[in-house]
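Same order as they appear, the protein sequences are chains X and H.
Going by my numbering, the first residue of the first sequence is number 1, and it counts up by one from there.
Going by my numbering, the first residue of the second sequence is number 1, and it counts up by one from there.
It should be emphasised that the hints constitute simulated quantities derived from the structure, not laboratory data.
Yeah, the Cβ is synthetic: ideal placement off N, Cα and C, and Gly gets one too.
It is possible that some hints are incorrect.
Reference excerpt, derived from the structure (chain H facing chain X, CB under 8 Å, subset only) [as the list claims (entries may be wrong)]:
#: 1; residue: L33
#: 2; residue: F168
#: 3; residue: I169
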Amino acid sequence: MTNTSKNRLERGRKNLEPVAGNGLLHRRAFLRGGAALAGAMTGYTLVQTASAQQLADDPWSLGPGATVPDYGTRSRFEKDVVRTLSNPKAEPRTQHARTPHHLLNGTFTPNGLHFVISHAGDPDIDPEKHRLVIHGLVKQPLVFTLDMLARYPMVSRMTFLECGGNSAPLFSKEAIQASVQALHGLVSCAEWTGVRLSTLLEETGIDPKAKWLIAEGADAPHLSRSVPLTKALDDAMIALYQNGERLMPSNGYPMRLLLPGWEGNMNIKWLRRIQLTEMPGMSFYEARTYAPILPGGKAYQFYFIQEVKSFITHPSPGLAMKGPGFYEISGVAYSGNGRISKVMVSADGGKSWAQAALAEPVQSKAFTRFRVPWRWDGGPAVLQSRAWDDAGYAQPTRAELVAVRGETTQTPPVTGFPSQHYNAITTWAIERSGEVKHVYA
Amino acid sequence: MYMRKLGRYVVVFTIAIGASAAFAQGPNLGKPLNPAEIAAWDINILPDGTGLPPGSGTPADGARIYAAKCSMCHGENGKGGANARLAGGDPIKDMESEKTIANFWPFATTLFDYIRRAMPWRQPRSLSDNEVYALTSYILSLNKIIGENDTMNAQTLPKVRMPNRDGFIIRFPDRL
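One chain only, chain X, in its complex shape (with noise of 0.2 Å):
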């Protein structure tokens, strides 16, 4: 055995050893420990092994396969990962979609499965009509088609989106056991490809009394926000495609206003008009609706920023474990301040600390996907995931978060909205089953 080798086995031995309280080993434990570890390793979805019987091949093995589709879509057995549907008769209230964190994995959402809110249904737009209009305070109202944008300059960037009210249930004064789809559904992430809105307000010039633009979008309730003309400036963008292919109805085809990192109903759909204004249009939304209270009664206004946040997907809630042994515990974690600097992952409820490894690469505004390897020996543990983004922000405790804005005194359904913006950290209590559920601690 060269020395080299001998050296990387112990080193791997070394990473074997935990890094924190209940089991959680070295975020390079993996890359570093070799077959041995891997062989060791358990899984959320892994079934029992194979009998000792001789392998064969299987039907699918014996003959020619179905017929490549033009549009493809994923396996059959598949079928069960789907979003869940607030309104699925479509009532008159709003409609939302949420994102099955706990059965994805890496860090951009497929199209079919990202999270949606509705407030009047999904219009049916014909792009050949469709129309976006920018007036007001600029030196030249313009209108522009679908094809005249699809001829200027783009930018792709990774993007997440997320509802001011995603992780609501977190309010509840009592611990409301659901899935991580339920609690933190209303957030995903794509690449989005379009047109710099500074592009376009070039060609129409500003007037420099313009501070705000309002932006509505072509469904029925006409959802208007208005917009701070700085963010319009800085990183805004015309989306014109989700993931590479045009975007989905429920995404706001064919165009919408995309404010990377900021409150997902401000990011109007099927958007239509920007108007440039000196002040805010002080519209339904947020005046009213996005307007979390205080304790005390006074409420927060232009609450624009998703700030720093992460959630362990796997295991989660539904994500039994299956005996003890190796696990990889991961999530997702994503700033509207900029870029996940550190993610620290615990399992005996916030006592100590292990640093996650980042899923590269690392990109502001976006999901980033963080792992940490785990020995779970069946006993009780309590998994907690923390993250700090490049601005210098820390994800708060839930107390902390509880503390300056407040909790309810009864437990509302898990559909509710209590109040906004809870970006605090959740915490999953593993049992000796090795069932998964949602505590404080």
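Chain X is already provided as a structure; the job is to place chain H on it using the hints.
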């Protein structure tokens, strides 16, 4: 060559942001519009009343329209039904307080703007401006924010002072 041109666009755009349209060297494909062409779509109302159209309405006018077009969802006299109530509401105390027009909305202009763009839920943009003024008057009157005989129009509506006008804290003032 193509890439170099793109690169030049980016540089020009970056430098020229905020400068006059005359400097723009992008594709320049947008078609100019005049105010008359925009009028049909320009439905934004600002809190100072900018954008409010001609016309007017009274609570009595509004009550009739409300009974025909709104009460099936929002209940008789704005008491609430399948959808939010539009009258009354206890003072806001905490996150479990129900946000109502009377106890929460900071500007009366939001009522006109929202009714005109989004209501009735199944037939948005079907109300005339006079009807929107009338419904706005009726709802404000139900909440005793204006008198039973007050007329709402482009002059009077922006002057209505909502009870919770000062109930807000701007979360990120440095981003405005």
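A quick look at each hint next to the structure:
no., hint, verdict
1, L33, "holds, 4 Å"
2, F168, "holds, 4 Å"
3, I169, "holds, 5 Å"
In this structure, every one of the numbered hints holds.
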